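Heads up: the sequence shown runs through residues 1 to 114, numbered per full-length UniProt numbering.
The set of hints was computed from the structure by calculation and includes no laboratory data.
Accuracy of the hints is not assured; some may be wrong.
The list that follows gives simulated cross-link-like pairs (lysine to any residue, SDA-like), each with its CA atoms no further than 20 Å apart [said to hold, decoys possible]:
1. K108 - W97
2. K108 - G96
3. K108 - A98
Pairwise CB distance ranges (calculated) [what the hints assert, rightly or not]:
4. A82 - G18: 52 to 62 Å
5. Q14 - V64: 30 to 40 Å
6. V106 - N84: 26 to 36 Å
7. S27 - Y69: 47 to 57 Å
8. H20 - I81: 52 to 62 Å
9. L78 - D17: 49 to 59 Å
10. A82 - T11: 51 to 61 Å
11. H20 - G71: 43 to 53 Å
In this text, all values refer to a predicted model and were calculated from it rather than measured experimentally.
Note that beta-carbon positions come from the ideal geometry of N, C-alpha and C, so glycine has one too.
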Amino acid sequence: MEQLPAQRPLTVVQLPDGSHAYADPTSLPAQQPVGPQVVHIHQAPPERTVQRVALGSGVGAGAVAASVYFGPLLVSVLTAIAANLAMLAFIALVLGWAVVTVVRAVGKSGRKGR
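Make a model of the complete structure from these sequences and hints.
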């Protein structure tokens with residue numbers, strides 16, 4: 001079995017005052033976090049951002065459950081609305097083309113009789 005050294009090698013650590021020194025990290029007192037916890041929500045994928053904001057602000061499980069349920073529901077509703085609008089635009093385009101074609105045909109045939 002391998003023998004462990006009696007002392008660990010010293011490493012560079014940052015002291016609470018901001019300076020650096022060689023020390024054994026286990027011999028330093030535990031540092032307490034100062035100020036609020038920073039949550040980087042910009043690194044989250046879009047479908048998880050609402051959940052991370054809800055969890056980070058302490059809202060609770062209700063907001064997380066709502067975001068899990070209503071997030072995909074909102075996306076599917078908006079997609080369905082966009083598909084309906086695209087279909088209506090296509091129908092309006094076809095009807096407009098048909099009206100213009102009929103008006104041109106009737107206008108040309110009316111001139112032949114004169």
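Consistency of the hints with the structure:
Under the criterion of a C-alpha separation no larger than 20 Å, the hint pairing K108 with W97 is consistent with the structure, at around 17 Å. For the hint linking K108 to G96, the alpha-carbon distance of about 18 Å falls within 20 Å, and the restraint holds. Restraint check: the Cα-Cα separation between K108 and A98 comes to about 16 Å, which is no more than 20 Å; the hinted pair holds. About 54 Å separates the C-beta atoms of A82 and G18, a value consistent with the hinted range of 52 to 62 Å.
Between Q14 and V64 the Cβ separation comes to about 36 Å, which falls inside the hinted range of 30 to 40 Å. For V106 and N84, the hinted distance range of 26 to 36 Å is satisfied, since their beta carbons lie about 33 Å from each other. For S27 and Y69, the hinted distance range of 47 to 57 Å is satisfied, since their beta carbons lie about 50 Å from each other. H20 and I81 have their C-beta atoms about 58 Å apart, which keeps the hinted 52 to 62 Å range intact.
L78 and D17 have their C-beta atoms about 53 Å apart, which keeps the hinted 49 to 59 Å range intact. Separation of A82 from T11 is about 57 Å and conforms to the stated range, judged on CB atoms against 51 to 61 Å. The given range of 43 to 53 Å is respected by H20 and G71, whose C-beta atoms sit roughly 45 Å from each other.
The structure fails none of the hints (numbered hints given earlier).
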